[in-house]
Amino acid sequence: MAARQERQPVGFYAIIVALVFMSVGPVLLMLVNSFKLDVDILSGGTGLLFLPTIQNYETALCDILWYEIDHLDFCSLKFGGAFINSLIIALISTLLTLIIGCMAAYALVRFRFMGRDTVSMSTLMVRMVPPAVLLVPVFGLWNNEFCLDRDGLIGGMIRDTFGGRGDVCLAGTHSGIILIYVAMNLPFVIWILQSFIVQVPRSLEEAARVDGAGPFQVFFKIVLPLIKPGLAAAAIFTFRIAWNEYLLASALSDRDTRTVPILIVNNMSEFNVEWGVIMATGMLLAIPPIIFTLFASRQIITGMTAGAVKG
Amino acid sequence: MRIAMANRLTPYMFMAPAVLIMAIALMYPLGYMIWGSFREWNPSQTIGEAEFVGLKNYITLWGDPNFHESLVVTLKFAFFVVTLEMLIGVGLALLLDRNIRGMSILRTLFILPMMIAPVVVGLMWRYMYHPTIGTFNGFLDKLGLPRVDWLGEHALMSIIIADIWQWTPFIFILSLAALQSLPRSALEAARIDGATGWQQIWHIKLPLMMPVLIVTALLRLIDAFKVLEVILVMTEGGPGLSTEILALRISRTATEFRELGVAAAMSNYLLILLLFLTLGMFAFTRWQEARAARLNAMIQEEDS
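Protein sequence lines, in the order shown, are assigned to chains A and B. Reading the first sequence from the start, the letters are residues 2 to 312 in this note's numbering. Reading the second sequence from the start, the letters are residues 411 to 714 in this note's numbering.
Isolated chain A, as found in the complex:
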């Protein structure tokens, strides 16, 4: 290793430059195009000579910008609302997944109990289920059975117990989407957190026990602070999926709860694509994950390798 390290051939750096260019290039291209007028985009591919404009972003963010209220009706793209929906859904589902997943991972690592292997195995199996497979049942259940007015299993039970209004379904609500995201992400979070919890020294926990701490105190005060890197990694992955997901959100949301990916796809499939605005919307959706990547790439890589290299 040491011998080769001294003379890095020029070709080696050429490869690295090419790789960086390839992986970042498309993103930069989108960024550049999001500041172009459609006329400039349509006139030719790679030109860098153009007058930058923020008009695309203004169109995209039309419904939350500082203009007069009555102007809202003319907004062709209600990006602001979708952005807030995306934020609510991604943040709440990430938080819930982390808390619930961390508790489960802790139980799986630290306790021997009946049904442990079954839970552990099924968690692994569930990871391979594609969202497209969940689409059919979730679509059916959320629209027809998980409602307060139908005689479905859970809906009926809730109505009988609490006497609901009688026409509310999970579909079209934030909670409906959050519920499926939490369930979908749990297996992954449980899986990667296990490999972090295993490394927490048992003696620390036992010491706390001797001092009279209950199991939940031990968990929250000793274990959680020690696995912060793992939690960060899990949080980023969960957020990423909840923030980026399209298929289930599109099946479960209505006009008021749709997220940004749905907005983008809807505008793409129209006959005439407004490239500039679409690119601006895409950029706005891509920015949070990009920021995460730049600040937490170490955690992301740890999380990835915890999944494959250690597991």
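No wet-lab data here; the hints were simulated from the structure. Please read these numbers as outputs of a predicted model, since none were measured by experiment. Treat the hints with care, since some could be wrong.
[Said to hold, decoys possible] Simulated coverage check for chain B against chain A, where a stretch passes if three residues somewhere in it have a Cβ under 8 Å from a Cβ of chain A:
id, region
1, 492-501
2, 626-637
3, 679-689
[Said to hold, decoys possible] According to the in silico footprint, chain A covers these stretches of chain B (three or more CB under 8 Å from chain A):
id, region
4, 519-527
5, 574-584
6, 649-660
[As the list claims (entries may be wrong)] With the C-beta cut set under 10 Å, the calculated list includes, among others, these residues of chain A facing chain B:
id, residue
7, N245
8, I265
9, M280
A virtual CB, placed ideally from N, CA and C, is assigned to each residue, including glycine.
Given chain A's structure and the hints, the job is docking chain B onto it.
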């Protein structure tokens, strides 16, 4: 006595929320889907109102050439994507496994594509593949080469390229991590014995990395069956059915054609396929892990 009770209940209290949510939102729906696949079921019906038709949906699908076509497209896509990404990713890792300055910055830049929403990735590539304003045809024009109909007759290849762009870094990062955790002594010993670079890779590095590589390939394989948004945005399954992967077909059957029963049967076929692939890979993993362990033991024996 009370303390003993509390201790026995503790693990269940920790597990309960996760199990409850997965039961309501994963297990129950999956069972519900299997049940629904035996019915002629449209989205406005509860499952109880849908007519029971036995195996009809499965039999219809079995004889449906369009279904066969999407099955073939899905398998082709998964095969090429996993093979090419493994080759390129592992190759790059072997090439770049050196201590150079700024490696952590490079890695950050490489993982960027993975973090971007599939919908946005699809949008970027749809733009770059655009027949008239697209980047690629722009380049070809400048080089004086004929334009390529990227999302037309070569659509499958084009979506495979886009997936390679997004996910090769995943394999690259994992292989690099595996390479850097290899026992130094083994590599040292091989070098002293005069093994060429190629021999070291072929006889030492690759066999020792194998368990990680297989898990990586397995993860990618499973994910390859989940890809949907990128293709939806880029080609919407077209032209014809040439890029209509199974996931896309399921979602279209359920939401556009409103045949939930058929879509459920299709989902079950996909699940069975995935189950076999996963089990096969697991068996292969076991076998390779044993081999790597033997190799490791041999190396350590030689050392002492």
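Consistency of the hints with the structure:
1. Only residues whose C-beta sits within less than 8 Å of a C-beta in chain A count toward coverage, and the region 492-501 of chain B has 0 of them, not enough to reach three; the restraint is violated.
2. Under the rule that three or more residues need a Cβ within less than 8 Å of chain A, the assignment of the region 626-637 of chain B holds, with 5 such residues.
3. Counting residues of the region 679-689 of chain B whose CB lies closer than 8 Å to any CB of chain A gives 5, so the stated coverage by that chain holds, three being the minimum.
4. Counting residues of the region 519-527 of chain B whose beta-carbon sits less than 8 Å from any beta-carbon of chain A gives 8, enough to reach three: the coverage restraint holds.
5. For the region 574-584 of chain B, the stated coverage by chain A is satisfied: 5 residues place a CB nearer than 8 Å to a CB of that chain, which reaches the threshold of 3.
6. Under a criterion of three residues with beta carbons nearer than 8 Å to beta carbons of chain A, the stated coverage of the region 649-660 of chain B is upheld, 4 such residues being counted.
7. The interface hint given for N245 (chain A) is met, as the beta carbon of that residue sits about 4 Å from the closest beta carbon of chain B, less than 10 Å.
8. Hint status for I265 (chain A): holds, given a least beta-carbon distance of 5 Å to chain B, under 10 Å.
9. Because the closest C-beta pair between M280 (chain A) and chain B is about 7 Å apart, less than 10 Å, the hint holds.
Of the numbered hints stated above, the single one contradicted by the structure is hint 1.
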